[in-house]
Amino acid sequence: MADKDDKRPDHDDQGKGRARGVEIHDARAPSRRNFLKSVGATSLAAATAPAWARVGYVNHDEQEPQDKRADEGEAPAKGTQRITLNVNGQAHTLDVTPNMVLLDVLRHQLALTGTKKGCDIGQCGACTVHVNGVSINSCLSLAVMHDGDEVTTVEGLGQNGKLHPIQQAFLDHDAYQCGYCTPGQMMSAVAILNDAEVASDDAAVREAMSGNICRCGAYKNILSAIQTARKNV
Amino acid sequence: MRNFAYQRAGNVTQAYTLHGNDNSADFIAGGTNLIDMVKLDIMRPERLVDVNLLPLTEIEELDDGRLKIGALVTNTDLAYDERVTTRYPVLSEALLAGASTQLRNVATTAGNVMQRTRCPYFRNPSRPCNKREPGSGCGALDGINRNHAVLGGSDKCIAVHPSDMCVGMQALGATITVEGPDGPREIPFEEYHLLPGDTPEREHDLRDGELITHVTLDAPIEGAKSHYLKLRDRMSFEFALASCAAVVALDGDTIREARIALGGIATKPWRSHEAEAALKGKPATEATFQQAAEAALAGAVPHRDAAFKIPLAKQAIVRALSTVTR
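Protein sequences, first through last, are from chains C and D.
Counting in the numbering used here, the first sequence runs from 12 upward without gaps.
Counting in the numbering used here, the second sequence runs from 34 upward without gaps.
Note that these hints are calculated values from the structure, not bench results.
Treat the hints with care, since some could be wrong.
[Stated by the list, open to error] Quick list of in silico lysine to aspartate or glutamate cross-link-like pairs, DMTMM-like style, CA-CA up to 25 Å:
no., chain 1, residue 1, chain 2, residue 2
1, C, K231, D, E271
2, C, K89, D, D59
3, C, K89, D, E115
4, D, K72, C, D185
5, D, K258, D, E307
[Claimed, not checked] Footprint (simulated), chain D over chain C, 3 or more residues, beta carbon under 8 Å:
no., region
6, 107–120
7, 135–145
8, 153–162
9, 167–175
[Said to hold, decoys possible] Some chain D residues near chain C, calculated using beta-carbon distances under 10 Å:
no., residue
10, N36
11, Y39
12, G43
13, L81
14, L136
15, E271
Here the structure is a predicted model, which is why all the values come from computation and not from measurement.
Cβ coordinates follow ideal geometry from the N, Cα and C atoms, glycine included.
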């Protein structure tokens, strides 16, 4: 399930085919992301927002579009290294500083905001993506170490406008409440269903899913969804 | 996260050459522990040397029956390797008891050996910690120390070594191969991790610039059975409050050979020779197991919140042994 925001014309990111540097406001379709960004500009929010949110969004708005540099054959900006990431079947050439983690590059440079930032230190699993077919915490992985890798995010699960069986099963089983952990839960679930080493009984699935925390406590329905999707994967 | 320079090494020589004797440089493999600590600002490398291209990803059976594990073999691959699941099942159990699927997919064998403590005082740069900042004091000694060590501590540090894998390796017996500017050398697993003593910042017997290339497990003990029991606050994705790796070979009802290693209660992956001595040559009964448990914890120091770990660890030993010999 893609982040709903991605379907709305509210991005000023550097993604190909999107308006660059243009804020599009549509009063009839207020977006959560633009709302957060406008609130983030106030001093009150700046004082209360977590440090990563401030840094992330400020940089995001101010940085030079690095995709563009690569597109136009320019050398990487000072302090950056050029990498190629194959994300959901599409190749992206990006310039990254060594301290950029994969999660932030996906969200801020590629505008793939379906992958969530939770704890940011590998304890919650909200940032789970597949790299070369294996599930990892993208918050603990330097982007510069993924040159040439195949990355699948939650946006890449569905094919040809159809939900992936795990997405359909999460929908059918009401396997979420707030939904924030859901992309990570689904990425782990897909990896587990494709892993012959993980047994199919409930206990084995629970154990294999333990790296994904759900503070709403939707675990029971998540398990049901996975066991149902098993028949369709 | 602070920035750092990043370099990629293509072979072992290049790796330690790039690292140099520079204590502001660190090797990075999986990075699951290192990046975590850089984000917390408790490690501040100025340079990272990426070792993922090194040819250290194989598991190899040696002619003498030992198993040589490349430093870059992931925890997942090691846990499910058929040679490990059949000949060293206690290692597989220990690996799968640690961390989460996502972390095990990335974390490496050498990285797990190098894993640093989860002591909350170590992980909080606003708190004193002799390990992070020698001489600053230990916040845990008189602080919240429920998760701390009852064995191997000093008046400078009681931080627990967090690894499960290392407890399994400690019971099985192993050798760590390192390589650096002075060439390769081998270190018995038991001597690799150091007790904190007066220098808790020194955690292992690794010289500047050296890196781990392999961990080689001793040949399995003939006819032995094994078990890894991990006790924790929740059933998965949690560090041990107490854990026990038990390897036992019987002659009839008599214990011919026994190995006991403990996790979650000590400042290093803890091999209990005292418990082993109390088991060898004795009948495999609960009374014997209890004597071994008493022997293992005889020197334990009960810090305020962690005193419960002493009876808990004893019970873990008895239960692991009962399971193995059942």
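How the hints compare with the structure:
| no. | hint | in the structure |
| --- | --- | --- |
| 1 | C:K231 x D:E271 | holds (20 Å) |
| 2 | C:K89 x D:D59 | holds (22 Å) |
| 3 | C:K89 x D:E115 | violated (47 Å) |
| 4 | D:K72 x C:D185 | violated (35 Å) |
| 5 | D:K258 x D:E307 | holds (20 Å) |
| 6 | 107–120 | holds (count 4) |
| 7 | 135–145 | holds (count 3) |
| 8 | 153–162 | holds (count 3) |
| 9 | 167–175 | violated (count 0) |
| 10 | N36 | holds (4 Å) |
| 11 | Y39 | holds (4 Å) |
| 12 | G43 | violated (14 Å) |
| 13 | L81 | holds (7 Å) |
| 14 | L136 | holds (6 Å) |
| 15 | E271 | holds (9 Å) |
Of the numbered hints stated above, those contradicted by the structure are hints 3, 4, 9 and 12, listed in ascending order.
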